[in-house]
Amino acid sequence: MTIIQAVLIALLYYMCNSTWGLGVGWWTLMRPLVSGFLTGIILGDPVAGTIAGAQINVLYLGWIGAGGALPSDIALAGVVGTAFAITGGIDANTAMALAVPVGLLGSVIWIVKMTLNTAYVRVAEKLAANGDTKRFWIADVALPQIMLFIFSFIPAFVLVYWGSEHIQSILQFMGDSVVGVLAVVGGMLPAVGIALTLKSIFKGQSVLFFFLGFLLVQYFGLDMISVGFLSAVLTLLYMQLAGLSTSKEGIRPEAFAHGEKRYVLLDKRTIFRSWLNWIMFNQANYNYERMQGTGFCHSMAPIIDRLYPNDREKRAERMKLQMQFFNTEPQWGACIIGLTAAFEEKKAQGYEDISDETIASTKAGLMGPLAGIGDTIDGGVITPLLLSLFIGMATNGNLLGPIAYLIVEASFMWSIYWFSYKLGYEKGSEAILAFLESGRINQLILGASIMGCTVLGALVGNFVTVSLGINIPVGTGELFNLQSQLLDTILPGSLPLLLTLGCYFLLKKGWSSVKTILLVVAVGLIGGLSGILA
Amino acid sequence: MKDITLARIDDRLIHGQVVAFWANEKPINKILIIDDDLPSDAFMSRVYRASAPSGVEVILKNCTDGFSFLKGEAESNERILLLVKVPERIEELIDSGIPLKKVVLGGMGSNDKRRTFNRNVSASADEIACFKRIIEKGTEMVYQMIPSDKPVPLQTIISQ
Numbered sequence: 007m008t009i010i011q012a013v014l015i016a017l018l019y020y021m022c023n024s025t026w027g028l029g030v031g032w033w034t035l036m037r038p039l040v041s042g043f044l045t046g047i048i049l050g051d052p053v054a055g056t057i058a059g060a061q062i063n064v065l066y067l068g069w070i071g072a073g074g075a076l077p078s079d080i081a082l083a084g085v086v087g088t089a090f091a092i093t094g095g096i097d098a099n100t101a102m103a104l105a106v107p108v109g110l111l112g113s114v115i116w117i118v119k120m121t122l123n124t125a126y127v128r129v130a131e132k133l134a135a136n137g138d139t140k141r142f143w144i145a146d147v148a149l150p151q152i153m154l155f156i157f158s159f160i161p162a163f164v165l166v167y168w169g170s171e172h173i174q175s176i177l178q179f180m181g182d183s184v185v186g187v188l189a190v191v192g193g194m195l196p197a198v199g200i201a202l203t204l205k206s207i208f209k210g211q212s213v214l215f216f217f218l219g220f221l222l223v224q225y226f227g228l229d230m231i232s233v234g235f236l237s238a239v240l241t242l243l244y245m246q247l248a249g250l251s252t253s254k255e256g257i258r259p260e261a262f263a264h265g266e267k268r269y270v271l272l273d274k275r276t277i278f279r280s281w282l283n284w285i286m287f288n289q290a291n292y293n294y295e296r297m298q299g300t301g302f303c304h305s306m307a308p309i310i311d312r313l314y315p316n317d318r319e320k321r322a323e324r325m326k327l328q329m330q331f332f333n334t335e336p337q338w339g340a341c342i343i344g345l346t347a348a349f350e351e352k353k354a355q356g357y358e359d360i361s362d363e364t365i366a367s368t369k370a371g372l373m374g375p376l377a378g379i380g381d382t383i384d385g386g387v388i389t390p391l392l393l394s395l396f397i398g399m400a401t402n403g404n405l406l407g408p409i410a411y412l413i414v415e416a417s418f419m420w421s422i423y424w425f426s427y428k429l430g431y432e433k434g435s436e437a438i439l440a441f442l443e444s445g446r447i448n449q450l451i452l453g454a455s456i457m458g459c460t461v462l463g464a465l466v467g468n469f470v471t472v473s474l475g476i477n478i479p480v481g482t483g484e485l486f487n488l489q490s491q492l493l494d495t496i497l498p499g500s501l502p503l504l505l506t507l508g509c510y511f512l513l514k515k516g517w518s519s520v521k522t523i524l525l526v527v528a529v530g531l532i533g534g535l536s537g538i539l540a
Numbered sequence: 005m006k007d008i009t010l011a012r013i014d015d016r017l018i019h020g021q022v023v024a025f026w027a028n029e030k031p032i033n034k035i036l037i038i039d040d041d042l043p044s045d046a047f048m049s050r051v052y053r054a055s056a057p058s059g060v061e062v063i064l065k066n067c068t069d070g071f072s073f074l075k076g077e078a079e080s081n082e083r084i085l086l087l088v089k090v091p092e093r094i095e096e097l098i099d100s101g102i103p104l105k106k107v108v109l110g111g112m113g114s115n116d117k118r119r120t121f122n123r124n125v126s127a128s129a130d131e132i133a134c135f136k137r138i139i140e141k142g143t144e145m146v147y148q149m150i151p152s153d154k155p156v157p158l159q160t161i162i163s164q
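Here the protein sequences come in this chain order: G and B. Take any residue in the first sequence, count from 1 to its spot, add 6: that is its number in my numbering. Take any residue in the second sequence, count from 1 to its spot, add 4: that is its number in my numbering.
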């Protein structure tokens, strides 16, 4: 690996975690499917990068970073794991086994960032006290991002540059048999990833669809694109037959008949700039003290600037209020930003009944529930569904997998950002409540869970590899292979299925993901070394 | 007396960590929120009821009603997640005779009176004193954002 390649990869890792992903970096660049593909481009082998990234991503399918809790740094795992796979010339399964500890290591960077970013809240407070809407970006974006760059770039560069140099000799030192065992372990680990995802969607009506997806691939040999289309049709059919998609309640009309005018003091351009600031910078200075507090204030800056262009003290008062503790799911929670913009506009028009307490308590009241809904839909069902679908397509290094995922996922997230913000600003709090009560959210969760279960079931056979290496001597020098001559004739893929369900039940029983991973690693090591598993 | 599956102090009440992590870890079918102001806030009451996962009933009670609810007869298959915004509610529950073995501290946002206590928890001097009293009364208190985090006993954070 050249120094330039290592620099580019370290830059890519910073980009994954940075605020420059146009609001969707968290959902796209950060996922190993995408970052593996991009690492592959840098190293001149996008196909190998896609294969390794896809494999690593299966472990992190159901990964949710909720409320500032980050279980593992999937960006570092994806970038470094893929770089090792390509430069070390090792297969995707072995790369996967190497990526796990890297991911755990990386979560330290997150905690350091969340702690140290608090310092920039002090800078933001000073700027807010001066009503300085124009330079607020220094505290909310520039300072925390420079620090994040340093904390991301250096470890990633060191890991990738020196790691890649030595990975060959380390693997040679370990010898073929140990590397072979690593591959056995890496092949089994995706079972934990799938089981973790199942934990949030494997219930009620969707259970059967998991087995359906498994059988579609194992018995009928369907590829992932066919499974995707088929599962979409089946999901819609099921929901119609079960009468689950017919509730036409929707948003109650009185919510629209609020009679209040918008775009009085604010124009569309200002609203757009507020929205853009939100999607770009909501977590630019994510920190334990205020969470998205400074990001919220940054999204209000264009509004406040527009409403009080010549009143510095008023700007200072509004900025201080809008910089309080705030934390929600950025996409679905965008309606709170829109609603607050509407409140601010009303207040500037002279409506006395909108007190600062009303604004603060509405923000604080709505941020939790919308985070719950957003994390469930975006992190719990939609992203695992799309990832499974496009990871399945990327199995053989089909570059359409990561590219199509990027486009579909980003479009979905941008739409939610946009419609949520507009709902909050244009229709107000009653409309948000009406939407929550309309039942559409539960329909979306159920539909995506059913389809997600089908696709996950299909993934088991492709990504979890575990097979028996036992040969029984029969007669004159002939060997009876338990795997190919017995298990495969009854139900191919039965061991991966059992392993996945086994992990699922352990997780369901309260085992932590780390403990489950360690058990799988132990079983893989013992099985691989003894030759029982191959 | 009702059985409480999980008791948590978290001023965002129902949100991602609760819905996407705890509710999967410890299957629950009722969320009991005890708060002085919420039950009389019609708008927020409806928001919380509408944002619970499907199959989970949200019950909002003020303190007095909350005690009598918890003292009521336990129903079979009832799995309750108790959520409160501040530690004082927990102390009042214990004082009025509701036995709580363990309470998880999840998150408390910063404000003018509070200072950073631990990571995403800010607390005032009064609230820290309240943590101590709860522990002295024999209730185990741990800081734990999500189930996969290692629970940290509150004593170790307080004594730091």
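Misleading hints may appear alongside valid ones.
Unchecked claim - Straight-line C-alpha distance at most 16 Å; calculated EDC-like pairs for lysine to aspartate or glutamate:
1. G:Lys-326 / B:Glu-82
2. B:Lys-136 / B:Glu-95
3. G:Lys-274 / G:Asp-311
4. G:Lys-514 / B:Glu-29
5. B:Lys-6 / B:Glu-92
6. G:Lys-267 / G:Asp-138
7. B:Lys-34 / B:Glu-82
8. G:Lys-515 / B:Asp-116
9. G:Lys-521 / B:Glu-29
10. B:Lys-65 / B:Glu-96
11. G:Lys-521 / B:Asp-7
12. G:Lys-209 / B:Glu-29
13. B:Lys-105 / B:Asp-7
14. B:Lys-141 / B:Glu-95
15. B:Lys-141 / B:Glu-96
16. B:Lys-154 / B:Glu-29
17. G:Lys-205 / B:Glu-29
18. G:Lys-352 / G:Glu-432
To be verified - If you anchor each label on the Cβ, the simulated ranges turn out as follows:
19. G:Ile-156 / B:Asp-69: 50 to 58 Å
20. G:Leu-271 / B:Ser-58: 37 to 45 Å
21. G:Val-118 / B:Pro-31: 49 to 57 Å
22. B:Glu-82 / G:Tyr-225: 20 to 28 Å
23. B:Gly-76 / G:Val-270: 49 to 57 Å
24. G:Gly-445 / B:Phe-73: 25 to 33 Å
25. G:Gln-211 / B:Asn-66: 31 to 39 Å
26. B:Ser-80 / G:Phe-155: 25 to 33 Å
27. G:Glu-358 / B:Asn-66: 23 to 31 Å
28. B:Ile-162 / G:Pro-315: 45 to 53 Å
29. G:Gln-246 / B:Glu-140: 56 to 64 Å
30. B:Pro-31 / G:Leu-247: 46 to 54 Å
31. B:Glu-140 / G:Lys-140: 26 to 34 Å
32. B:Ser-58 / G:Glu-436: 18 to 26 Å
It should be emphasised that the hints constitute simulated quantities derived from the structure, not laboratory data. Where a beta carbon is used, it is the ideal one built from N, C-alpha and C, also for glycine.
Hint check:
1. G:Lys-326 / B:Glu-82: Violated, at about 44 Å.
2. B:Lys-136 / B:Glu-95: holds, 10 Å
3. G:Lys-274 / G:Asp-311: Between G:Lys-274 and G:Asp-311 the Cα gap is close to 14 Å, so the pair holds against 16 Å.
4. G:Lys-514 / B:Glu-29: Holds, at roughly 7 Å.
5. B:Lys-6 / B:Glu-92: violated, 20 Å
6. G:Lys-267 / G:Asp-138: This hinted pair is violated, its Cα atoms lying about 29 Å apart.
7. B:Lys-34 / B:Glu-82: Judged against 16 Å, a Cα distance of about 7 Å means the pair holds.
8. G:Lys-515 / B:Asp-116: violated, 42 Å
9. G:Lys-521 / B:Glu-29: holds, 15 Å
10. B:Lys-65 / B:Glu-96: holds, 14 Å
11. G:Lys-521 / B:Asp-7: violated, 29 Å
12. G:Lys-209 / B:Glu-29: Within the cut-off at roughly 13 Å; holds.
13. B:Lys-105 / B:Asp-7: holds, 11 Å
14. B:Lys-141 / B:Glu-95: holds, 9 Å
15. B:Lys-141 / B:Glu-96: Given that 16 Å is the threshold and the Cα spacing comes to 12 Å, the pair holds.
16. B:Lys-154 / B:Glu-29: The given pair, whose Cα atoms are some 14 Å apart, holds under the 16 Å limit.
17. G:Lys-205 / B:Glu-29: holds, 9 Å
18. G:Lys-352 / G:Glu-432: holds, 12 Å
19. G:Ile-156 / B:Asp-69: 50 to 58 Å: holds, 53 Å
20. G:Leu-271 / B:Ser-58: 37 to 45 Å: holds, 41 Å
21. G:Val-118 / B:Pro-31: 49 to 57 Å: Distance hint for G:Val-118, B:Pro-31 is violated at roughly 35 Å.
22. B:Glu-82 / G:Tyr-225: 20 to 28 Å: Given about 42 Å between the Cβ atoms, the range is violated.
23. B:Gly-76 / G:Val-270: 49 to 57 Å: holds, 51 Å
24. G:Gly-445 / B:Phe-73: 25 to 33 Å: holds, 27 Å
25. G:Gln-211 / B:Asn-66: 31 to 39 Å: Given about 37 Å between the Cβ atoms, the range holds.
26. B:Ser-80 / G:Phe-155: 25 to 33 Å: violated, 56 Å
27. G:Glu-358 / B:Asn-66: 23 to 31 Å: holds, 29 Å
28. B:Ile-162 / G:Pro-315: 45 to 53 Å: holds, 48 Å
29. G:Gln-246 / B:Glu-140: 56 to 64 Å: holds, 58 Å
30. B:Pro-31 / G:Leu-247: 46 to 54 Å: violated, 27 Å
31. B:Glu-140 / G:Lys-140: 26 to 34 Å: violated, 52 Å
32. B:Ser-58 / G:Glu-436: 18 to 26 Å: holds, 23 Å
Hint compliance for this structure: hints 1, 5, 6, 8, 11, 21, 22, 26, 30 and 31 are not met, and every other hint is.
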